[in-house]
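Colleague: Whenever a hint applies, use it, and build me the whole structure from the sequences.
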Amino acid sequence: MARRKTGRTKELTGLGATPERVARGGIVDTVMIEDGWRKPVRVHRNLMAWPVDRLRNRKMLTERQHEAATWYREQYERAGLTQRVVASMNVPVDGGRRGTEPTEAQWAARRKWLAAREVLPRPIRAPFEAMVIDADDASSVGANEGYMGARAATAALVLLRAGCDIVADYLRISKNVSQ
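Oh and the sequence shown: position 106 is 90 in my numbering, straight run, nothing missing.
Hints were generated in silico from the structure; no laboratory data involved. Careful: at least some of the hints might be erroneous.
Stated by the list, open to error - Derived CB-CB ranges, DEER-like:
1. GLY130 x GLU47: 14 to 20 Å
2. VAL103 x GLY64: 20 to 26 Å
3. ASP153 x GLY133: 18 to 24 Å
4. GLY133 x PRO86: 41 to 47 Å
5. GLU102 x GLY133: 19 to 25 Å
6. MET132 x PRO86: 37 to 43 Å
7. GLY133 x VAL103: 30 to 36 Å
8. VAL103 x TYR131: 21 to 27 Å
9. ARG42 x ALA89: 33 to 39 Å
10. ARG101 x MET44: 21 to 27 Å
Stated by the list, open to error - Mimicking DSS-like on lysine-lysine, the simulated pairs with C-alpha atoms at most 30 Å apart in a straight line are:
11. LYS159 x LYS43
12. LYS96 x LYS43
13. LYS96 x LYS159
These numbers come from a predicted model, not from an experiment. All C-beta atoms in this analysis are idealised placements derived from N, C-alpha and C, irrespective of residue type, glycine included.
Modeller: In structure tokens form, the structure reads like this:
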């Protein structure tokens, strides 16, 4: 009986997150895994921050769907609805709220976002927003919807595509902007 070699991990040098790799959605970590029996395997981690961008780059979303998702997320961010960790020393003087009041541009973005949100059917809304606004992966969103394994990502992708198409129709984005 042959003796099995112990597994070892050797990190490759010089493959960190450069601005060029970040712009391309390149590699953050590349690690060579050798266990002595099989061929060495390289493990890559993609740096693309937004799962919707990854899906578009893999041709799993059309340009029209990507444009709708991008618009939806931008309106949410312009409305100032994103959570922030900021220290505010403004003390309410007359019982009002802390900080400054939203600007007119923020109110307009909020109205646009809420109007588009109302068009989405309720069962699609939460998983759609989890992927578009919260940048959750499709597999975790599908698991939250009650699916397991490969079906989780597939179910979430179906919901994302449907939501993107509904928002794109609402925005009247041309259908010939497909690929």
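Colleague: If a hint holds in the structure, say so; if it does not, say that too.
Modeller: Results for each hint:
Checked against the given bound of 14 to 20 Å, the beta carbons of GLY130 and GLU47, roughly 31 Å apart, lie outside it. As the Cβ distance of VAL103 to GLY64 is approximately 22 Å, the hint placing it in 20 to 26 Å holds. Take ASP153 and GLY133: their Cβ atoms lie about 32 Å apart, and the range 18 to 24 Å is violated. For GLY133 and PRO86, the hinted distance range of 41 to 47 Å is satisfied, since their beta carbons lie about 43 Å from each other.
At roughly 33 Å, the beta carbons of GLU102 and GLY133 sit outside the given window of 19 to 25 Å. With their beta carbons about 41 Å apart, MET132 and PRO86 fall inside the hinted range of 37 to 43 Å. Separated by about 31 Å at the C-beta atoms, GLY133 and VAL103 satisfy the suggested range of 30 to 36 Å. A C-beta distance of roughly 25 Å is found between VAL103 and TYR131, which places it inside the suggested range of 21 to 27 Å.
Hint check: ARG42 to ALA89, Cβ distance near 34 Å, so the stated range 33 to 39 Å holds. ARG101 and MET44 have their C-beta atoms about 23 Å apart, which keeps the hinted 21 to 27 Å range intact. For a cut-off of 30 Å, the pair hint linking LYS159 to LYS43 stands: about 16 Å separates their Cα positions. For the hint pairing LYS96 with LYS43, the CA-to-CA distance comes to about 28 Å; that is within 30 Å, so the pair holds.
Annotation: proposed proximity of LYS96 to LYS159 holds, straight-line Cα distance about 21 Å (limit 30 Å).
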